[in-house]
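Chain by chain, the residues run as shown.
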Amino acid sequence: EDKVVQSPLSLVVHEGDTVTLNCSYEVTNFRSLLWYKQEKKAPTFLFMLTSSGIEKKSGRLSSILDKKELFSILNITATQTGDSAVYLCAVPPPVGGTSYGKLTFGQGTILTVHP
Amino acid sequence: NAGVMQNPRHLVRRRGQEARLRCSPMKGHSHVYWYRQLPEEGLKFMVYLQKENIIDESGMPKERFSAEFPKEGPSILRIQQVVRGDSAAYFCASSPVEGSRGYTFGSGTRLTVV
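Top to bottom, those sequences are chains U and V.
Just remember that our numbering sits 695 ahead of the position in the first sequence, which is counted from 1.
Just remember that our numbering sits 157 ahead of the position in the second sequence, which is counted from 1.
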């Protein structure tokens, strides 16, 4: 069974700090890894990573994948109070499996940014 | 283009009652997925449906839970004889094709069983 573990489970920082969130996974026939941001309601898509070593970037957020060591990190620089949210990573089923749409999520990292 | 619409946003049921959660996918999306999020946990897959078909229900509890996605109308997640342990946020997502590209979540229904 696919397994996704995130760390830390919670993190409290002050505005302007840089944070690194971790996601490790165990998936046979890896396909991709996704990051989501969940505020009070719907998870919203951040990044989809498929290749090792290629950084995806969107403003102050960036993410990279290491397929050899089976993990991904999500970096947020110059944090703002609006970054406070739960950050989730997820993996779809392995290549060749059924139901590609079924995602396995980690338990999430709760990020709190204080002014 | 409205996103994935879920209703109600909040639902309170007494133990033993039935809960019906509705999900209207984004326009043009024919694949619907239901997830449950218990307090302090990540989202857990429940069921994947296409119009009139259940594709994968490997995450559905064996009893009391059922889901449908009829030819017309929203997808429905139905929980019969609810118990306190069913209290959770239930999220629906939809996609235009099978898979995670273009996967969009609704805002969820928070079910509280009293």
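Hint data in this document are derived by calculation from the structure and do not stem from the laboratory.
Quick reminder that beta carbons are idealized off the backbone N, C-alpha and C, glycines included.
Hints may contain errors.
[Stated by the list, open to error] Calculated pairs, EDC-like style, for lysine to aspartate or glutamate (alpha carbon to alpha carbon, straight line, at most 20 Å):
1. U:Lys763 to U:Glu734
2. V:Lys201 to U:Asp712
3. U:Lys762 to U:Asp712
4. U:Lys698 to V:Glu198
5. U:Lys732 to V:Asp213
6. U:Lys762 to U:Asp778
7. V:Lys184 to V:Glu229
8. V:Lys201 to U:Glu734
9. U:Lys698 to V:Glu229
10. U:Lys735 to V:Glu214
11. V:Lys219 to V:Glu197
12. U:Lys736 to V:Glu229
13. U:Lys763 to U:Asp712
14. U:Lys736 to V:Glu197
15. U:Lys752 to U:Glu696
16. U:Lys736 to V:Asp213
17. U:Lys735 to V:Glu229
18. U:Lys732 to V:Glu229
19. U:Lys732 to U:Glu764
20. V:Lys201 to U:Asp761
[Said to hold, decoys possible] A short, non-exhaustive set of chain V residues, derived as facing chain U with CB atoms under 7 Å:
21. Glu198
22. Phe202
23. Gly263
The hints, checked one at a time:
1. At most 20 Å may separate the alpha-carbon atoms for a hinted pair to count; lysine 763 of chain U and glutamate 734 of chain U exceed this at roughly 31 Å.
2. Under the criterion of a C-alpha separation no larger than 20 Å, the hint pairing lysine 201 of chain V with aspartate 712 of chain U is inconsistent with the structure, at around 31 Å.
3. Taking the CA atoms of lysine 762 of chain U and aspartate 712 of chain U, the gap is about 28 Å. The hint is violated against a cut of 20 Å.
4. Simply put, lysine 698 of chain U and glutamate 198 of chain V have alpha-carbon atoms about 14 Å apart, close enough for the 20 Å limit, and the pair holds.
5. Taking the CA atoms of lysine 732 of chain U and aspartate 213 of chain V, the gap is about 25 Å. The hint is violated against a cut of 20 Å.
6. Among the hinted pairs, lysine 762 of chain U with aspartate 778 of chain U is inconsistent with the structure: their alpha-carbon atoms are about 27 Å apart, more than 20 Å.
7. Of the supplied pair hints, the one linking lysine 184 of chain V and glutamate 229 of chain V holds, its CA atoms being roughly 13 Å apart against a limit of 20 Å.
8. Taking the CA atoms of lysine 201 of chain V and glutamate 734 of chain U, the gap is about 17 Å. The hint holds against a cut of 20 Å.
9. Between lysine 698 of chain U and glutamate 229 of chain V the CA atoms are separated by roughly 36 Å; this puts the pair beyond 20 Å, and the hint is violated.
10. At roughly 27 Å between alpha-carbon atoms, lysine 735 of chain U and glutamate 214 of chain V are farther apart than 20 Å, so this suggested pair is violated.
11. Taking the CA atoms of lysine 219 of chain V and glutamate 197 of chain V, the gap is about 24 Å. The hint is violated against a cut of 20 Å.
12. Proposed proximity of lysine 736 of chain U and glutamate 229 of chain V is contradicted: the alpha carbons are some 26 Å apart, above 20 Å.
13. Between lysine 763 of chain U and aspartate 712 of chain U the CA atoms are separated by roughly 29 Å; this puts the pair beyond 20 Å, and the hint is violated.
14. Distance check on the hinted pair: lysine 736 of chain U and glutamate 197 of chain V sit about 14 Å apart at the alpha-carbon level, within 20 Å; holds.
15. Of the supplied pair hints, the one linking lysine 752 of chain U and glutamate 696 of chain U is violated, its CA atoms being roughly 30 Å apart against a limit of 20 Å.
16. Taking the CA atoms of lysine 736 of chain U and aspartate 213 of chain V, the gap is about 25 Å. The hint is violated against a cut of 20 Å.
17. A hinted pair counts as satisfied when its Cα atoms are at most 20 Å apart, and lysine 735 of chain U with glutamate 229 of chain V does not qualify at roughly 30 Å.
18. Between lysine 732 of chain U and glutamate 229 of chain V the alpha-carbon distance is near 32 Å, which puts this suggested pair outside the 20 Å criterion.
19. A threshold of 20 Å between alpha carbons decides the hint, and for lysine 732 of chain U with glutamate 764 of chain U the separation of about 24 Å lies outside it, so the pair is violated.
20. Taking the CA atoms of lysine 201 of chain V and aspartate 761 of chain U, the gap is about 25 Å. The hint is violated against a cut of 20 Å.
21. Evaluation of the glutamate 198 of chain V hint against chain U yields a held restraint, the C-beta minimum of about 6 Å falling below 7 Å.
22. Restraint check, phenylalanine 202 of chain V versus chain U: the minimum CB separation of about 5 Å is within 7 Å; hint holds.
23. At its closest, the beta carbon of glycine 263 of chain V sits 6 Å from a beta carbon of chain U; the interface hint therefore holds under the 7 Å criterion.
Checked against the numbered hints given earlier, this structure breaks hints 1, 2, 3, 5, 6, 9, 10, 11, 12, 13, 15, 16, 17, 18, 19 and 20; the rest are met.
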